[in-house]
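Chains E and B are the protein sequences, given in the same order.
Heads up, the first sequence is in my numbering, so the first residue is -19 and it goes up one at a time.
Heads up, the second sequence is in my numbering, so the first residue is 704 and it goes up one at a time.
Since the hints were made in silico from the structure, they are not lab data.
Every residue gets a Cβ at the ideal spot worked out from N, C-alpha and C, and that includes glycine.
Check each hint, because a few of them may be wrong.
As the list claims (entries may be wrong) - If you only want the chain B side, here are some residues facing chain E, beta carbon under 8 Å, derived:
1. Ser859
2. Glu967
3. Leu1111
Said to hold, decoys possible - Covered by chain E, according to a simulated footprint, are these stretches of chain B (three or more residues, beta-carbon under 8 Å):
4. 946 to 955
5. 1029 to 1042
6. 1079 to 1086
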Amino acid sequence: MHSRRCDPVRPRPSDRPLWSVFAMLAVLLAPGCGGSGSTTVEPRVPGPASAAHASRFLARATFGATGADIAALQDSNYIAWVLEQQRIEPSLLLPRLRARHGERFFHEDRTALWWQHAAFAPDQLRQRVAFALSQVFVVSQRNDTLQAHPDVLADYYDTLVRGAFGSYRALLEDVTLHPAMGVYLSMARNRAPEPGSTDRPDENFAREVMQLFSIGLQELHPDGTPRLDAEGRPIPTYDQAVINGTALALTGWNFRGAPDDGELRTWLSHSPRLGRMEPTEHYHDHGPKQLVGGATTRPGQSASDDLATVLDTLAAHPNVGPFLGRQLIQRLVTSNPSPYYVARVATVFADDGTGQRGNLGAVVAAILIDPEADLGYDLFPDRFGKLREPLLKSVAVLRAFGIPGADFVVAPGSTFGQNPLQAPSVFNFFRPDHSTRELAQGGMVAPELQIITQANLPRTANDFGYRLVWPDGPGFPLDLGTELALADDLEALVDHLDLVLVGGTLSETSRRAILDHLRVVPFDIDPDLPPPDLAFERVREALHLIALSPDFAVQR
Amino acid sequence: MKQRPNRALVAGTAPSRREVLRSAALLGAAPALGHVERLTGGLASPPDPDYRALVCVFLFGGADLVNLLVPRSIAAHTEYANTRRELAEARGSLLPIHPRTSDGIDYGLHGAAPELRDRFERGDLAFVANVGPLAAPTTRDEYLSGAVPLPQHLFSHGDQQDQWLRGDARSDAASSTGWGGRLADRLGLLNPGGLTVPMGVSLAGPVRLLVGARANLLSLDPEGPARMPFVDPVSQPSRRRALERMLEGRSHVLEREFARVQREVLDLENALAHAYETTPTFDDLLGGGSPLMRQLRAVARVIALRQRFGIRRQMFFVGVGDFDTHDSQLTRLPTLFRDLSIALDGFQTALERLGEAPNVTTFTASDFGRTLTGNGRGSDHGWGGHGLVLGGAVRGREIHGRMPSLRLGGPDEIGEGRLLPSMSIEQLAAPLARWMGLAPQHLGEVLPNAHRFDTSALDLLRG
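All chains, full assembly: derive it from the sequences and hints.
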């Protein structure tokens, strides 16, 4: 296995950007292979130092490790794994939903298929990144109009899945012109005010595309820390004049084929709604507009040209790399990345090694194969990592032990405080800077903690109870063959579950507590029922307690 | 060998229905329960005079309350209608109100809010005119010339929400505490030691408003304290012991945060779940099922328990969304106002039944008011906006503060139809804090910029 890790991976031409990322990062990595006698400068291909490292990598790059994936990754290396994942055909929602249900399906169908993809789709990295992107470019079914149009949201999610490894600039445009966004942030039918009227353009999308989808509120250094003025204060990235100018520049768009006037919802309810929004020139403002960073639009430009100028300006802004990079690190790897980590990722955003800016595939690769991701837990065992999103805890258990394709009842979003494309507002389920008094004292944040509340936590925990140990509950269809074979050796059973679910980081405290409990299983035999199957009881009890543990609550 | 699990075989480790019933019966028979029933059932015992609570109802998204409280005099309504154009409410649709103190203009409430009109006319409800975050007292000229410091990132949702919740629109968002939490740091001392229920209770998740330097908040599910039957200490003692052991001695900072929440859930279930079920459900008043009603119902039910827990000061946080009416404003606002009107009225009636109406003051806050001018379908992010204050101690049937001119280019409009607040958050929060018992010398701890404003301007509450 060791020798294989030292084999150079031969890049294919299409892999050039990723390969460049790797070559850049290789400089940062531990000494190369070959021993002291070797003079080759072939960079060492970073691979997992142990099964636990492999499991932790998979927890970041997929919806959760499985025994098989850990073994496969140990025989490969991180870069080869990322390259292979990025080549897999995207698993899309809308075509499968239509194939299964025809034109008429519900958000519940969309969510159920999301679970199947999250747990079992082969393009795991793409799916995990798309879920992260859906929490940056937020639209939500919690909207009067989108509530009635699951197909529009399925198509929006597919847009993120398809664009997960493409160019940021292209994705920003796809998102901007998607009818779901046209509804959600009311960009569709945004009109230039009549000359001389007191009407104003709708600022909704203009504001959020800057604050949330691209550059954020404050000017940033490439390492994500705020730039300060001479008096030590943060520098705003834009002011009201820029919001107004951007809003005017984005006037004149409407749903494809939609009439200019009339009740929009009525039209939406019996017209094809998919497909990019289209410009309506007579509703576009053709004057000059002030944009971010001192840029302006040329007077007389069409709606499409103005849109291109706005998006080009935003995508070129130096904030995007650190602003977006930090959030993707937070969704995939750790809540509190070092400035150096953010800077390395921002560097790749700025240039993937072939001169391309905003190559998301390269950015994702840089995030995952960064030494801080791989070794963060070894170096900072008490602070590295992130709280698992409550929904993803449940998905991880299903992925590790579930039976692909088997049907099960999906829990509602209220069980987790989140569900795909169900955020309460464009500010997502939680904010990237959410913290507590204790964490803030150490300069740390824990975004996911915002939904791990006294109200939500017991619902997530009870759902595990219903699925794992309650005989009449809406269980997951699980294949526990490997685990049952270990049930005679409690320590081996717990070690195995630790490796798959907790990345080999289960604390001694938890390990002892679980083992002591397993030793008294079955502790309560109901005389009305047939005698229990000891192996099943042990496996299920062990799984249940690990699912409830503070250890599993943190992804490292 | 791959095997499908047979769920029947794992029955022995889940609590059987019989066991769940048994444990409920055991706990239900606890002697303390009789006390609760006496307390909440008969309502014979007079409420402890020394109880006071604030309820913050946060209207997320930026509520357009300029369309809730509307000028009705012909000249003033014409000015309003000229500015708001397609967003304006017709004069004839307004429900007339009669403030005790008149500024010479007649006002009315939105037609969807008859319950609020009745509460206003009865003297339970007051409005606070044109309030919002300010870093210093600011005139229109000072704003336009940039002569005074302004709150950061004006007209942005997250930032203005934050300024409301921190009670501070001047410093950066570095501080993690809110004005309610800092109030609790002071007043929490009025609650007996060893609190099971902290002073701050949120029905809308963790919120900075209620976090103090020492004070913690309780985040309660609107359906009441959660139960965790699979780790029930009576029916599942071994599992419960294992879980409790896992919560101890965590070294990872994020594990500690998770374990703390889990610990609080178990403590809360232990302390509150059974007692909570004995409180009146107020189905007739707040059973409508809207998020606001569900949250306010839970607030009323917790207030019903305050004597049992010996609580003397509380502050609740309730939050509802969807007020960001960029589009479809004319169809959305009536629904939002209808819900607000029914829910606040039902809540006030619930408090009256509990005998707590004079002891509880409810106030609204929102990210910002909205632009007076429209975008063709709705309105955008503004600045100053009106607030509601409701309760038995409120100097009701009043519009406190000065109603703004709604004329574009007028003395209160700073461009694009935005209103410069004539009153700061501090000027609203200070009288609320004083009513809760905060001594004047401690006002600066709770509201660090209070000294910049005239915080005695509003005579909002009695006593």
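Right, here's what the structure says about each hint:
1. Hint on Ser859/B holds. Least Cβ distance to chain E is approximately 6 Å, under the 8 Å limit.
2. Restraint check, Glu967/B versus chain E: the minimum CB separation of about 5 Å is within 8 Å; hint holds.
3. The criterion of a C-beta within 8 Å of any C-beta in chain E is met by Leu1111/B, whose closest approach is roughly 6 Å, and the hint holds.
4. Look at the segment 946 to 955 of chain B against chain E: 9 of its residues bring a Cβ nearer than 8 Å to a Cβ of that chain, three or more, so the hint holds.
5. Interface restraint, the segment 1029 to 1042 of chain B with chain E: holds (4 residues with C-beta to C-beta distance below 8 Å; minimum three).
6. Counting residues of the segment 1079 to 1086 of chain B whose CB falls under 8 Å from any CB of chain E gives 5; the rule of at least 3 is met.
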